[in-house]
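Engineer: Line by line, the protein sequences are chains X and C. Numbering of the first sequence is given in full-length UniProt numbering, commencing with residue 1 and proceeding in unit increments. Numbering of the second sequence is given in full-length UniProt numbering, commencing with residue 1 and proceeding in unit increments.
If you're looking for bench data, these hints aren't it; they were derived computationally from the structure. You may find that some hints are simply not true.
[What the hints assert, rightly or not] Cβ pair distances, simulated, as ranges:
| id | chain 1 | residue 1 | chain 2 | residue 2 | range |
| --- | --- | --- | --- | --- | --- |
| 1 | C | H401 | X | E328 | 54 to 62 angstroms |
| 2 | C | A190 | X | E316 | 21 to 29 angstroms |
| 3 | X | G284 | C | R210 | 54 to 62 angstroms |
[As the list claims (entries may be wrong)] 25 angstroms max Cα-Cα, derived PhoX-like pairs, lysine-lysine:
| id | chain 1 | residue 1 | chain 2 | residue 2 |
| --- | --- | --- | --- | --- |
| 4 | C | K79 | C | K101 |
| 5 | X | K79 | X | K101 |
| 6 | X | K79 | C | K157 |
| 7 | X | K157 | C | K36 |
| 8 | C | K36 | C | K101 |
| 9 | X | K36 | X | K101 |
Think of the CB as a built atom: it goes at the ideal place given N, C-alpha and C, for glycine as much as any other residue.
2 protein chains.
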Amino acid sequence: MTDDAFQALTVETLPRRLGAVAAVAEKVGGAPQGWKVREVGDGNLNLVFIVEGETGSLVIKQALPYVRLVGDSWPLPLKRSFFEYHALTRQEARAPGAVPKVFHFDEAQALIAMEYLSPHIILRRALIQGQELPRIARDLGLFMARTLFRGSDLCMKARERKADLALFADNVELCDITENLVFTDPYFGAPMNRHTPQLDPLVAELRADRDLRVEAQRMKHLFAANAETLVHGDLHTGSVMVTAQDTRVIDPEFAFYGPMAFDVGMLLANFWMAFFAQRGHETGGSRAGMRAYLLNVIEETWRVFREEFSALWRTERTGMLYHRSLYEEQNDTLGAEQALGHVLHGVWEDMLGFAGVEIHRRILGLAHNADFEDIEDVALRAQCEAAALRFGRHIAVNRRHVTSLGEINQLAQLLDEGRGAPAGRLS
Amino acid sequence: MTDDAFQALTVETLPRRLGAVAAVAEKVGGAPQGWKVREVGDGNLNLVFIVEGETGSLVIKQALPYVRLVGDSWPLPLKRSFFEYHALTRQEARAPGAVPKVFHFDEAQALIAMEYLSPHIILRRALIQGQELPRIARDLGLFMARTLFRGSDLCMKARERKADLALFADNVELCDITENLVFTDPYFGAPMNRHTPQLDPLVAELRADRDLRVEAQRMKHLFAANAETLVHGDLHTGSVMVTAQDTRVIDPEFAFYGPMAFDVGMLLANFWMAFFAQRGHETGGSRAGMRAYLLNVIEETWRVFREEFSALWRTERTGMLYHRSLYEEQNDTLGAEQALGHVLHGVWEDMLGFAGVEIHRRILGLAHNADFEDIEDVALRAQCEAAALRFGRHIAVNRRHVTSLGEINQLAQLLDEGRGAPAGRLS
Chain X
1 MTDDAFQALT VETLPRRLGA VAAVAEKVGG APQGWKVREV GDGNLNLVFI
51 VEGETGSLVI KQALPYVRLV GDSWPLPLKR SFFEYHALTR QEARAPGAVP
101 KVFHFDEAQA LIAMEYLSPH IILRRALIQG QELPRIARDL GLFMARTLFR
151 GSDLCMKARE RKADLALFAD NVELCDITEN LVFTDPYFGA PMNRHTPQLD
201 PLVAELRADR DLRVEAQRMK HLFAANAETL VHGDLHTGSV MVTAQDTRVI
251 DPEFAFYGPM AFDVGMLLAN FWMAFFAQRG HETGGSRAGM RAYLLNVIEE
301 TWRVFREEFS ALWRTERTGM LYHRSLYEEQ NDTLGAEQAL GHVLHGVWED
351 MLGFAGVEIH RRILGLAHNA DFEDIEDVAL RAQCEAAALR FGRHIAVNRR
401 HVTSLGEINQ LAQLLDEGRG APAGRLS
Chain C
1 MTDDAFQALT VETLPRRLGA VAAVAEKVGG APQGWKVREV GDGNLNLVFI
51 VEGETGSLVI KQALPYVRLV GDSWPLPLKR SFFEYHALTR QEARAPGAVP
101 KVFHFDEAQA LIAMEYLSPH IILRRALIQG QELPRIARDL GLFMARTLFR
151 GSDLCMKARE RKADLALFAD NVELCDITEN LVFTDPYFGA PMNRHTPQLD
201 PLVAELRADR DLRVEAQRMK HLFAANAETL VHGDLHTGSV MVTAQDTRVI
251 DPEFAFYGPM AFDVGMLLAN FWMAFFAQRG HETGGSRAGM RAYLLNVIEE
301 TWRVFREEFS ALWRTERTGM LYHRSLYEEQ NDTLGAEQAL GHVLHGVWED
351 MLGFAGVEIH RRILGLAHNA DFEDIEDVAL RAQCEAAALR FGRHIAVNRR
401 HVTSLGEINQ LAQLLDEGRG APAGRLS
């Protein structure tokens, strides 16, 4: 074993091992043996330490060679830390301030030293608690527009995008997780699936639904084949940390070159799930206001995304696609706007498909959401989940025949009020 | 300079330099100094030698570090030989017998020793001469279905496809040629463009055509972003060698991971151009029969492609997309057929877009086709080209509203007979 061989950090060994790293020692301050270290990882794949010292603090995130949720029976390569590091640096360059600052990266130890965000909490947790955060729609709409536009051939040099595409093409194992757990397993009785028992009849109905199974696989085809831009790859509300004043996107280890609509669809799906889960969290009083807030967040996120994407299209379209030599330089600004409309319409249609599939996998697959899981009354949870499942099916299958979020959100309200389901389908 | 440093072969140096390579010496036979060597390259990018000896023969193809057509002012990396070699081996594995056998590859010298195809001629030349080759539709339909299906996530292991995607992502310079010369330059007054002078009014009309400029760039977007399968990348009638009994696809140095529809669209476009060029080659008599033959070849090529693709879908769908666990294993064969229909419909729509753009670039851009170039009467040539240009515009812009090749071929006939153009547009 060389000095470089991977070793998982512990609260005890961390100060000694990282005290010698200048970037870490300077940021934390004081003698390493005096550092206060806590392990706070609650994810599935990694160790996360908060390190506090005399003058500062940071987070150490270290990948483990297996999926923590399942134990060492499911190995997962350490190189995902490499992809997370490279994604973070690109996201920071493309959407400054939207991700944690990175202080240090050690590839062999699969660890990243990054900014400790405090008093931030996970967005999913805030939404479950009923917090109406004022900035998330704007901040996340901007984040998506900036990273997705600037990582594509709309903006980058073709050579650089192709080199980056090749680099991230090696993130095979994490793509494989998405490919199987999101797009395939939920639609048949795969071994690791689970769902709330009361959903049995609806689950059987969905798994027998041919149009849905075809559409889910078409989304998988797009996910696997369309290497349009560097996507975050796991952009749900558990990958966002918030305060009322600040929004940060974390955990991009699933990053790869994929379709723009994937990030957008996954994020909006998680907002919709937060919406459908609210009825399960009304022990402290009605969540009607929170529901209205969430539907508004969905509309605003999409509007901000569209507006920023359009602004970038008009000012930073420096890549090889839809080049200005064909439009603006021919005095045809309208041609560029027409093309923009086509591109955004494509993102719209595909976003709905990815959103529908994301909702299904969170209720039928392996990795569930706290939004629903925290509802202790299982009959009530099943009601919330059933409405979300029906909603997901509708938007995935009908995505080409939906014109506005207003229309879809009305459907969401209808289903949430129990008016969209066949009578007696769920107890 | 090391022994490995690239040196262009000559007729004189070839026997000495390749006589020591066992695979070459064995195939050719006899003493190298007795080999008969001819340089026959008529392409733009490479040296091509035919080597004949006592017991056999072969072709040596060597890349040059610049575009031969333009001279050394346009450098082009030797590594394209590496991509050609890797594409040839994959094509042979996926469509056995469809490409020349490879005997030897030398990466540093950028040379491939391969089967000498004789008495084969270039398909484009045969079609200009009016030869009705009986096998091309079937052979090329099968070649496309087999290589495009078997190189995608419909068939390959995801890990292997992603590794291969990364390998071919480095073929930047040749992709760049296609990206600029095919999709962008023809649609504005780019410096290297040229066209038959009589076309001036029509060219101005096409370059002012907003819908066309938008659609051409949408095709470019798809070309650049959709890494669906390993495409040949330059599958026109100049990349096919034929006899009445045999069809071989050559020159895959443009190979990369792109959309299936790109190869299909480029090939059919070149058949359509062969069709529109026939009126320029009637000095030896009417080409009415040849025109009917070519339209039939187009329909048959597409039909064979569809049939073979469908057969592979039913028997070799071993990749991660549209997995049998969701369809056949749920006793839902119809679901798999429904998905197949969607995939083929997508190829259909995109194929028409790529075909339209390919026709335009061959008449308006840098690299023209002998089909038209060989027509000495420039007024007649312009008439042929004008019909093709109008046809290309129609199929590219209306590709979502066309249902059959019968319908399009009828339009091609109408335009060819001079009935589709506004009166007086062309002299």
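Engineer: Against this structure, judge whether each hint is valid.
Structural biologist: Structure-based check of each hint:
no. : hint                                   : verdict
1   : C:H401 with X:E328: 54 to 62 angstroms : violated, 29 angstroms
2   : C:A190 with X:E316: 21 to 29 angstroms : holds, 23 angstroms
3   : X:G284 with C:R210: 54 to 62 angstroms : holds, 56 angstroms
4   : C:K79 with C:K101                      : holds, 20 angstroms
5   : X:K79 with X:K101                      : holds, 20 angstroms
6   : X:K79 with C:K157                      : holds, 20 angstroms
7   : X:K157 with C:K36                      : violated, 46 angstroms
8   : C:K36 with C:K101                      : holds, 20 angstroms
9   : X:K36 with X:K101                      : holds, 20 angstroms
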